[in-house]
Amino acid sequence: MPKDSGIGASSKRREDIRFLTGTGNYTDDINLNGQAYVAFLRSDVAHGTLNGVDSSAAAGMPGVVRIFTGADFEGVGGLPCGWQVTDRHGQPMQEPAHPVLAQGKVRHVGDPIAAVVAETAAQARDAADAINADITELPAVVDMSAALAEGSPKVHDDLTSNLCYDWGFVEENKDAVAAAIDGAHHVTTLELVNNRLVANPMEPRVAVGDYAAHNGESTLYTTSQNPHVIRLLMGAFVLGIPEHKLRVVAPDVGGGFGSKIFHYAEEAFCTFAAKAIKRPVKWTSTRSEAFITDAHGRDHVTKIELALDAEGKFLALRTDTLANMGAYLSTFSTSVPTWLHGTLMAGNYTTPLIYVNVKAVFTNTVPVDAYRGAGRPEATFQLERVIDKAAREMGIDPVELRRRNFIQPDQFPYATPVAVEYDTGNYDATMDKALALADWDGFEARAAESAANGKWRGRGVNSYIEACGIAPSALVGQLGARAGLYESATVRVNATGGLVVMTGSHSHGQGHETAFPQVIAEMIGIDESMVEIVHGDTANTPMGMGTYGSRSIAVGGSAMVRAAEKIINKAKKIAAHLMEASDADVELANGEFTVAGTDKSVAWGDVCLAAYVPHNYPLEDIEPGLEETAFYDPANFTYPAGAYICEVEVDPGTGQVSIERFTAADDFGNVINPMIVEGQVHGGLGQGIGQALLENCVYDENGQLVSGSFMDYAMPRADDLPNFTVDHSCQTPCTHNPLGVKGCGEAGAIGSPPAVVNAVVDALQRGGKDVTHIDMPLSPSRVWSAMNS
Amino acid sequence: MTSVSMTVNGKPVSGDVEGRTLLSSFLRDGQGLTGTHVGCDTSQCGACVVHVNGQAVKSCTMFAAEAAGAEVTTIEGMANADGSLGTIQQAFQDYHGLQCGFCTPGMVMSAAALLAENPSPSEAEVRHYLEGNICRCTGYHNIVRAIMAASGQEVPAVAAE
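Respectively, the protein sequence lines represent chains B and C. Residue 27 in the UniProt record's numbering sits at position 27 of the first sequence, with consecutive numbering throughout. Residue 4 in the UniProt record's numbering sits at position 4 of the second sequence, with consecutive numbering throughout.
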């Protein structure tokens with residue numbers, strides 16, 4: 001019988017009410033008294049010398065308040081990168097300056113050159129269009145291999161080359177891996193592209209800066225996944241505002257998927273300009289602007305080699321990757337192809353020797369950073385593609401080949417050769433579940449039916465693992481992170497028994513306002529409606545690192561549990577006093593404190609009231625009040641894993657792929673709200689299938705973004721996607737967080753692309769075509785070309 | 001500037017607009033009806049769908065002046081008279097048909113238009129009709145189920161367990 005409340009219940013989302021009635025409070029819904037509007041003049045060339053900016057005509061146009069150029073920001077810091085990668089020779093990465101407005105050069109289409117602040121948004125746009133930027137165009141650096149070639153134009157003149165870093169992992173394993181590959185029975189090699197993507201949350205970015213002259217406080221309202229991180233980065237590194245004079249508010253945020261983690265120039269600009277003109281300043285991105293300013297995702301070019309023995313046991317794995325950084329280092333860009341990618345190359349397998357080389361490259365394109373999965377989709381895609389290819393080459397069933405190499409349940413905790421230790425997992429269990437739900441054994445009958453209809457049916461399987469719940473601060477500090485990665489929560493109990501949880505996690509679609517109270521309700525035994533979640537405002541939440549990497553419930557939820565445990569311990573002392581018992585004998589269940597072996601009891605609400613009206617209270621031992629804060633720093637990552645199966649039909653006449661079935665069997669550990677978890681998987685699958693079949697961010701050789709709108713960039717529509725079969729019943733709870741949870745936000749986007757491509761390759765093979773790989777997206781033209789080449 | 005008057009969610013409203021003022025801007029900035037969202041500038045995403053004289057319209061693709069005299073319904077006008085969620089809104093909550101909520105107003109307005117012209121659509125018809133509404137969060141799975149449920153058709157319960 002499903003639960004109707006607490007942990008494990010599919011509680012309906014309370015935030016839905018405001019979203020369904022048009023009463024949400026997104027950043028663009030915020031309008032402050034006296035607000036002015038900003039429009040940016042952006043570079044329309046990919047690379048050029050900025051000789052000067054003539055804004056004389058624009059300055060006299062109606063409504064113009066002030067025009068800013070790079071010169072206004074000469075005394076201001078640049079946008080910082082939050083992760084320093086050390087290369088394989090022990091040297092720090094090359095780290096260029098990233099000015100708020102361009103200074104001296106423009107480095108990608110969309111690079112901001114000047115900003116007009118005006119009375120209306122239309123006046124600001126009109127005036128920005130009248131500014132004349134004198135740019136001498138330079139050859140654009142677009143292709144990564146060309147960018148690394150001797151004599152290539154440099155994106156940053158003050159760097160030695162376009163190479164940000166040359167990273168080797170684990171460098172000490174390099175020779176042993178090479179020897180194992182050289183001596184192996186079989187080596188499967190695959191070269192592939194992990195296509196560049198645009199996150200495209202449906203809400204474009206918005207920033208509203210405000211300055212209060214009476215107390216010198218700046219406030220930024222912004223579309224962010226992590227307001228405290230923005231406060232820290234912008235305050236400390238860009239504008240020099242102490243944190244106690246800077247408030248960052250991220251209200252309702254319309255999706256993020258990684259792209260709203262980062263600190264962007266427009267945020268710093270609006271905060272800076274509001275203080276300069278003593279008026280609120282608002283910027284609302286258009287979608288066209290989003291395409292050329294939001295950090296892009298993926299964009300890896302990889303060669304992977306898998307060495308196997310005669311029985312198909314994996315002996316060694318070697319990868320060489322070029323990772324595009326774009327023109328500047330976005331906030332967490334450098335960590336994505338390294339620590340979020342190389343550390344996952346063991347997958348679910350016992351491969352003993354692994355070496356990962358990544359060269360990160362500057363190009364004249366929009367900066368690239370984390371997008372849903374961030375490094376882990378890139379790792380999973382290459383690994384699960386090369387395994388499939390190896391299975392075909394060696395004549396071993398692809399499921400069987402994976403099973404022969406799975407880490408077994410009795411091997412946990414399992415230390416991989418790439419620095420991480422998996423705590424729990426059962427990869428055969430999720431594979432069994434996926435095969436059953438997908439009716440794997442019934443495939444041939446369906447394939448015959450497809451054939452009768454003139455279609456080729458294929459199926460693809462994959463098994464993925466990811467690392468979530470980032471992360472132990474001490475570990476990431478060693479790896480180059482310039483921040484801690486704990487999470488925080490304050491639990492405030494009111495005198496009348498209701499609770500408010502102030503969390504550093506941020507919800508932008510994940511349903512924290514519903515799921516977090518389920519945990520508290522379960523712990524205390526009260527109704528979920530007695531718990532309210534506050535998030536998204538640095539003024540009323542404790543310092544937190546925000547939401548990304550599927551970390552909210554694993555890290556933020558754990559912080560909340562720790563704070564709630566402190567509350568319960570204190571409440572038990574109060575209850576013991578009221579019941580004249582020893583607090584060690586007090587138990588809490590169903591919202592009532594009792595004394596074991598007696599009929600004494602006191603209600604939760606009475607204890608809360610006593611805490612704030614301490615007439616009869618152990619004041620000698622404890623303070624009045626019932627409010628506690630906890631910071632939780634995880635001992636390890638969490639390791640969600642699962643098996644995905646995709647079944648496709650390919651039209652041999654056109655190359656059109658249609659997904660007929662998609663099955664996802666995930667192990668997320670314990671689950672708080674199954675409805676929300678399944679929704680997260682659906683969304684991830686939509687994005688992963690979008691990457692596999694539709695989405696592609698394309699630059700031409702001049703660095704012009706060809707896919708710069710929803711007319712050119714193929715976002716998945718409802719009729720592009722199938723119904724999904726998802727399951728999370730295989731649960732090996734995390735051993736090192738109090739909820740036993742692992743995180744579910746990115747799994748779908750990580751596990752689905754290889755399943756889709758494996759299925760299409762299978763369909764073509766069954767159709768008699770010797771196709772071993774097609775680069776994503778598998779558009780009809782690419783599939784048709786592959787089958788007819 | 002010209003003055004424009006129309007009926008929005010049953011109430012007469014008017015305001016001064018430029019020729020280039022879009023209906024979406026008139027509703028959001030002029031009337032404070034911020035439930036109508038703008039997610040793109042090429043008429044693709046559908047977050048701004050409202051009803052104009054009963055027809056689903058992308059309000060970013062219509063000038064405010066063109067709506068003079070029209071009956072306009074926005075997401076703010078979709079609840080029941082007592083303030084409770086309307087049938088489609090309730091189905092979206094029941095079937096978890098929304099996550100971040102940004103595309104949701106347009107989805108609900110498109111769904112209402114679909115069910116007005118086709119009260120019992122097939123799943124394929126629902127998916128086809130939503131071609132002009134992009135959602136990045138849900139993979140559409142639960143949106144489709146919500147609309148099917150709102151039409152009174154049998155839909156499996158949300159969440160397997």
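Careful, some of the hints might be misleading.
Only part of the chain C face toward chain B is listed, based on derived beta-carbon distances under 8 Å [as the list claims (entries may be wrong)]: (1) G30; (2) F63; (3) I75; (4) N80; (5) A81; (6) Q93; (7) G152; (8) Q153.
Pairwise CB distance ranges (calculated) [stated by the list, open to error]: (9) B:E217 / C:A81: 23 to 33 Å; (10) C:K11 / B:N31: 17 to 27 Å; (11) B:N31 / C:A81: 21 to 31 Å; (12) B:T23 / C:G54: 42 to 52 Å; (13) C:P156 / B:E620: 17 to 27 Å; (14) C:A68 / B:Q103: 25 to 35 Å; (15) B:S145 / C:G132: 55 to 65 Å; (16) C:N80 / B:E119: 52 to 62 Å; (17) B:H214 / C:E123: 57 to 67 Å; (18) C:K11 / B:Q704: 41 to 51 Å; (19) B:A213 / C:K11: 19 to 29 Å; (20) B:N31 / C:G54: 37 to 47 Å; (21) C:G132 / B:A178: 33 to 43 Å; (22) B:G52 / C:G132: 27 to 37 Å.
Which bits of chain B does chain C cover? Going by a derived footprint, with three or more residues having C-beta under 8 Å, they are [to be verified]: (23) 9 to 21; (24) 285 to 298; (25) 316 to 326; (26) 382 to 393; (27) 480 to 489.
Think of the hints as simulated: they come from the structure by calculation, not from any bench. All C-beta atoms in this analysis are idealised placements derived from N, C-alpha and C, irrespective of residue type, glycine included.
For each hint, the structure was consulted:
Here the hint on G30 of chain C is broken, as its CB sits about 12 Å from the closest CB of chain B, past 8 Å. Against a cut-off of 8 Å between C-beta atoms, the interface hint on F63 of chain C is violated, since the closest Cβ of chain B lies about 13 Å away. Hint on I75 of chain C holds. Least Cβ distance to chain B is approximately 4 Å, under the 8 Å limit. Because the smallest distance between the Cβ of N80 of chain C and any Cβ of chain B comes to about 11 Å, over 8 Å, the interface hint for this residue is violated.
A least Cβ separation of about 13 Å between A81 of chain C and chain B goes past the 8 Å threshold, and the interface hint is therefore violated. Because the smallest distance between the Cβ of Q93 of chain C and any Cβ of chain B comes to about 4 Å, under 8 Å, the interface hint for this residue holds. Residue-level restraint check for G152 of chain C is violated (minimum Cβ-Cβ distance to chain B is 19 Å; threshold 8 Å). The criterion of a C-beta within 8 Å of any C-beta in chain B is not met by Q153 of chain C, whose closest approach is roughly 14 Å, and the hint is violated.
Distance hint check for E217 of chain B and A81 of chain C: the Cβ-Cβ separation is about 43 Å, which falls outside the suggested range of 23 to 33 Å. A C-beta distance of roughly 21 Å is found between K11 of chain C and N31 of chain B, which places it inside the suggested range of 17 to 27 Å. For the hinted restraint 21 to 31 Å between N31 of chain B and A81 of chain C, the CB-CB distance of approximately 29 Å keeps it satisfied. Checking the proposed 42 to 52 Å range against T23 of chain B and G54 of chain C shows it is violated: the Cβ atoms sit about 24 Å from each other.
Checking the proposed 17 to 27 Å range against P156 of chain C and E620 of chain B shows it is violated: the Cβ atoms sit about 59 Å from each other. Take A68 of chain C and Q103 of chain B: their Cβ atoms lie about 48 Å apart, and the range 25 to 35 Å is violated. Evaluation of the 55 to 65 Å hint for S145 of chain B and G132 of chain C yields a failure: the beta carbon distance comes to about 40 Å. In this structure, N80 of chain C and E119 of chain B break the distance hint of 52 to 62 Å, their C-beta atoms being roughly 40 Å apart.
Taking 57 to 67 Å as the suggested C-beta distance range, the pair H214 of chain B and E123 of chain C conforms, at roughly 58 Å. Taking 41 to 51 Å as the suggested C-beta distance range, the pair K11 of chain C and Q704 of chain B conforms, at roughly 47 Å. Between A213 of chain B and K11 of chain C, the C-beta spacing of about 39 Å breaks the proposed range 19 to 29 Å. Restraint check, N31 of chain B to G54 of chain C: a C-beta distance of roughly 30 Å breaks the suggested window 37 to 47 Å.
A hinted range of 33 to 43 Å is violated for the C-beta pair G132 of chain C and A178 of chain B, which are about 54 Å apart. G52 of chain B and G132 of chain C have their C-beta atoms about 44 Å apart, which leaves the hinted 27 to 37 Å range violated. With 10 residues carrying a beta carbon less than 8 Å from a beta carbon of chain C, the segment 9 to 21 of chain B meets the three-residue requirement, and the given coverage holds. Coverage of the segment 285 to 298 of chain B by chain C holds. Counting CB-CB distances below 8 Å, 3 residues qualify, and the rule asks for three or more.
Residues of the segment 316 to 326 of chain B lying with their CB closer than 8 Å to a CB of chain C number 0, which falls below the three-residue condition for coverage. Counting residues of the segment 382 to 393 of chain B whose C-beta sits closer than 8 Å to any C-beta of chain C gives 0, which falls short of three, so the coverage hint is violated. Coverage of a stretch by a chain is defined here by at least three residues with a beta carbon nearer than 8 Å to that chain's beta carbons; for the segment 480 to 489 of chain B and chain C the count is 0, and the condition is violated.
This entry does not satisfy hints 1, 2, 4, 5, 7, 8, 9, 12, 13, 14, 15, 16, 19, 20, 21, 22, 25, 26 and 27, going by the numbered hints stated previously.
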